[in-house]
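The residues making up each chain are set out below.
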Amino acid sequence: MSAAPDAAALRRRTEEFLAAHPPARTGRTAFLRARFDAGLAWVHFPEGLGGLGAPRTLQTEVDGVLGAAGAPDNDPRRIGIGLGMAAPTILAYGTEEQKQRFLRPLWTGEEVWCQLFSEPGAGSDLAALATRAVRDEDTGDWIVDGQKVWTSSAHLARWAILVARTDPALPKHQGITYFLCDMTDPGVEVRSLRQITGEAEFNEVFLTGVRIPDRHRLGAVGQGWEVARTTLMNERVSIGGMRLPREGGMIAPLAAVWRDRPALRTHALHQRLLELWVEAEVARLTGERLRQQLAAGRPGPEGSGMKLTFARLNQEISGLEVELLGEEGLLYDDWTMRRPELVDFTGRDAGYRYLRSKGNSIEGGTSEILLNIVAERVLGLPAEPRDDKDLPWKDLAR
Amino acid sequence: MTATPDLLYTAAEDDLRAAVRALLDTKAADHGATLARAEAGSPHDPALWHTLATGIGAAGLLVPEHLGGHGAGPREAAVVLEELGRSAAPLPYLTGPVTAATALLGCDTAQPAVAGLLRPLAAGSTLCVLAVPLTLGPGAPHPSAVTTVDGRLTGTVSAVADGAAADVLLVPADTGLYAVRTRDAAITPQTPLDLTRPLARITLDRTPGDLLAGPATARAALDRALTTGAGLLASEQLGLAEWCLAETVRHVRGRHQFNRPVGSFQALKHRLAQLWLEIAGARAAARNAADALATCAPDTALAVAVAQASCSTAAVHAAEECVQLHGGIGMTWEHPAHLYLKRAKADALAFGTPGHHRTRIAALADLPGPRA
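Residue numbers (this note's numbering), protein chains in the order written: chain A, 18 to 415; chain B, 10 to 381.
With the rest of the complex left out, here is chain B (with noise of 0.2 Å):
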């Protein structure tokens, strides 16, 4: 019997969504410059980035304090994730900080080459990134793009997040996990869907990598990463889904037609109370995510695919929700209402589709498919 999750916030976790939340109300709310900034090839805004994982001290939430860290946890990385939905803000967060830190928290920390990755990436210096595509979930097939050959690595793999804004790739091949300084592989630009996360195609050719982990450790602590990634994304699907919930009452609310105004439409109120439901339900499912990460409880794979599988779909319903009941200017540049649509479509993908998370769901919750 799984111990009760704590699905509430301590006042901790609210003091530190209070500092992020100021941060990014100040430095995050331009969105036409994130926007202008996208377009130049560069979304992440390096000042904003060295104050939340320096100066706040994100980057270092997972890492253990004799590591470099602030010995926090998941709970902790999931309420700057949501605040990080909530503004849309382009930082590369869940890729560093959480994502890559776990997979390096996953092999033998007293190894130099660990550590001396760590200890920077807590420190919000360098940024460590996985290099496997943001579509890879938790329980999915080993990546095999990346094979050694005398020690050296070669492949190709797409669809990398914050690449090429990364200092260090965290490369999984045939022989284990490896680190590949950015410099040393080439790495190019992809044009992402969404603006907010910039994706990156790196290729490997007898590229030279440092061993972090062999092939048995490197899966373990590829799937924790994974699953880490994939558990704390639901936070911040949830942050994006009540910014566009709140936006969109906003919004019915002011606008008028008809003399009165449009949020006092039945139509328009059941769909928008539909949403609340939706999303009171995607909290309780993120915040259980979260807290089995953080207490490593027993039922964490399960944890995570049930908030993905229903974080993912109502992020993305509030996105296009906000849209199309903001009429016309929803459909516009000018509106932030896209940046949102695009972040929740592909953060849809992102650690897996829902479709993925139901899959894993037959087998840890024994409701296999007909046979084949």
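Here chain A stands alone, though its shape is the one from the complex (with noise of 0.2 Å):
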């Protein structure tokens, strides 16, 4: 195909594709195999990796017309470290094998992806990790020792994308590299991390002595904070990115129980919820308006600020429903351990929003870090003065 396809060709390539692999009649990998063979995976990567060239917003088209016919989905919420973050960083800098090898599994949801990025020393100023990477002089192979926090689907996953320190003696941003880490190897430790909900999604990754064939290297060689900054900077567009109906997301719960049980409100309560109520329709709209100029091909900056906004507006109104519920408040649902596989917040209890929502200014960027965010890119501002830049790593104060 030369020139990118537009809707109606999308369309009728969809409908084409779906009279050759009826959903009814193809198992659900099989099917999923043929659809990123068919470039329907992802309409905006490239021809012969799942997509077709197209323009992303045209994804809609091909979704609309597999969900009409009943076709299996790839699950998206279940592999979204994969599809969000690895996939396209792998886009970016792997190699044409590479390519070959991780994309359509990872599409497929055939392999579960996670990140190993976050270090118990390194949060926030991630540049500053501390994970070694050593090269074995004799097979080329990069032997791996450290220690990785907060990776959600460790326990499920087959790959992780993985930052680690090859040079020490570099200034922080520049002794860094990227790697696709084989989970399975026999130095990889998953262990479950408690949080303060009671159940354990994320989990803690202990790596001693993982080799990893320098094939598997991503990008350069100290070239791993450059591919991490696309990574990162993929996880914040899809956090910010749902469509939501008015009165949706965690407002919904809040009106629910307000309208539904007179007895429970006061006046302040009342003031409280009508403030809130505003500012999560702002918040829609907002999300809305970065929406339609992303379409209109004008994306603004609104879209570093959608995860701010949503990550208070969340532990506000979870944090009102609970004082709403009186008596009821001071009780929880479950404090049983449990690992979920996803983050779902429907079918639980108000203390559990309010409690999981806490991590919603800690995840993916703090909120304080994305604030420093939106003022230095957004507005302009100066940084502020520092001087662990231009220092050798290893005399970093840790």
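Keep in mind the hints are simulated off the structure, nothing from the lab. Keep in mind that the hints are not guaranteed to be accurate.
Where chain B lies over chain A, by a calculated footprint (3+ residues, C-beta under 8 Å) [stated by the list, open to error]:
id, stretch
1, 267-281
2, 286-294
3, 299-311
Some but not every residue of chain A turned toward chain B, in silico, with C-beta under 10 Å [stated by the list, open to error]:
id, residue
4, 317
5, 319
6, 321
7, 389
8, 390
9, 391
10, 392
11, 396
12, 397
13, 398
14, 399
15, 402
The structure displayed is predicted, hence computed values, not measured ones. Each residue gets a CB set at the ideal place from its N, CA and C atoms; glycine is no exception.
Hints given; two lone chains; assemble the complex.
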């Protein structure tokens, strides 16, 4: 195909694909593999890698036709890290061999991915990371030792995107290299990390003598920070991007309790409810405007802010819901240690929502760091003076 | 299900903005001159008003072509108001060509008395304003200050915005909506908190007026006018907030203390980033209200209430941050920050406070308060 297809061409292509692969008579994995091979997985990817080089916004045309035909999807929430973070990074920096090897099973969900970035000593300051990767001069392999943390899906993952320090004598941003790590290597140990909700979405991952062949390095040696920034940019885009109906999201259960249980209402709570309802509606409109800008090919900087706004609103709204519930607000639905595959607020009580949403202002960049990013990249305010950029990593305070 | 609102700006709207901004940048940038006129009791700049209203044609945006206007709509008027907010220009645009024009369009425009006011209002040659307090918001009880006896009007209305500059007052009374020539009324200028929006007390004492609409039509026309005024005021507040943020960012980048730009301190950066977020929300809410008004969306009242509840707060917050983060200079008469603070604070009361609009939302979105 020479020119990128338009919406009508994509619908036609999707219908032809469905005729050749009727969902009712095709196994799920076979269907997803065929969809990838037909370029209908992510249409903005290149031909041969699951896409057609079409505008990203046209994916909805394909998804609409497939959804209406009852086709299976690749359960995107289960493989969000692969889709949202690993895939665009592999596309941008991978060798042809890496793209061919990894993208197809990543997209079909046959191989789940996780992200080995944060460490106990490197959170907001990710570039200070201490996990070491040392070259084995005999084999060319990399031997990795260190500890990673806050790793969602590590216990399910086949592969990980990993950043590790390959040269401690260089300043911290320069001595990092990016790898694709096999989670079945015997040196990888995954331990669940229980959080304040009682369950364990996350893991600690201990890496001890993990051997990574050089062909699983992504980008050049020492280029890891630049590669990681691609991953992190895509993380924030994927966090801000859902479309909500009016009164969708965290405000919905609060409004429902308010309407259903008049006896709980007080004047003070009413004022706070209305303020938060307005803020939730404005946040929804801001997200809608952002999507319209993207669709018009004029992305605005608002995306940087959506995660900040939703984190604060989720916390305030769920906090008000606990308070509104009075005596019931003192109770908690279940402290049993579990390992959920997805973060899912539905079916859980207000107390769970209140506790889980505390993570919204920490995960994927703390709100404090995101405010710095807005101030510096959107408003053009100067950075704080700092002395850590040019010192060798090994001389930094830890 | 409501259609998805268009929250962006069209190319024509961008062109209109460029024309208005170019005019205001050359003719309304001298805040010292504005202050001198305000202290002399007449903040309006007649030459500037003529160019905006007639030259650019802003006065006729909401009025259909067959009634002498340009047949544009609320989305375009909103863009003009964003620019007026950005410049804090003291011009009677919101009161006349927006609110009064909407009230007249809610009457029977086939009537000569109505059409005879709309045409010169749309042409920018006559200024009509509603004789209601600037604080009157949509959904408030119908004003009862003016009564009619033998076809003549009696009563007093205070805090009428641009009342002294108007040629004709549109007076809601017990028996309908009337047009009263200002020369027939007693007009007393009041000293306003907001120097850029003059206020007047209007006293009618058996004053003659032309009946424009009977009570039922008058109520509907007034409510539509107040809904439009409130919804488009949000765009003025947006423009004002954007100026305050841009000016404050400019200042903290250039101002040095402790051997560094004060804008490099995280305490200030976080405040300005928060303000930017709030303004991004205000822009979405203001565009949503303007689009709802333009398309007569079924949820227009709710869209307007949400825009007012958020944009009032954002504008006041922006103006207060502007004064604080300018330090001492922000407290001076010489620096224009106070013009924006006063406008922002007065705008928060205009067409209903944020609290008034939240109370409206309680009814419109089915979120009732405790039982009495």
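Outcome of the hint check:
1. 267-281: Held - the stretch 267-281 of chain A has 4 residues with a Cβ nearer than 8 Å to chain B, which meets the minimum of three.
2. 286-294: holds (count 6)
3. 299-311: As far as the stretch 299-311 of chain A goes, the hint holds, because 8 residues have Cβ atoms under 8 Å from chain B.
4. 317: At 8 Å from the nearest chain B Cβ, residue 317(A) passes the 10 Å test, so the hint holds.
5. 319: Nearest chain B Cβ about 5 Å off; hint holds.
6. 321: holds, 9 Å
7. 389: Holds. Min distance 6 Å.
8. 390: holds, 8 Å
9. 391: holds, 4 Å
10. 392: holds, 4 Å
11. 396: For residue 396(A), the interface hint holds, since the closest Cβ of chain B sits about 5 Å away, which is under 10 Å.
12. 397: Interface hint status for residue 397(A): holds (7 Å vs cutoff 10 Å).
13. 398: holds, 4 Å
14. 399: Constraint on residue 399(A) satisfied, holds at 4 Å.
15. 402: holds, 6 Å
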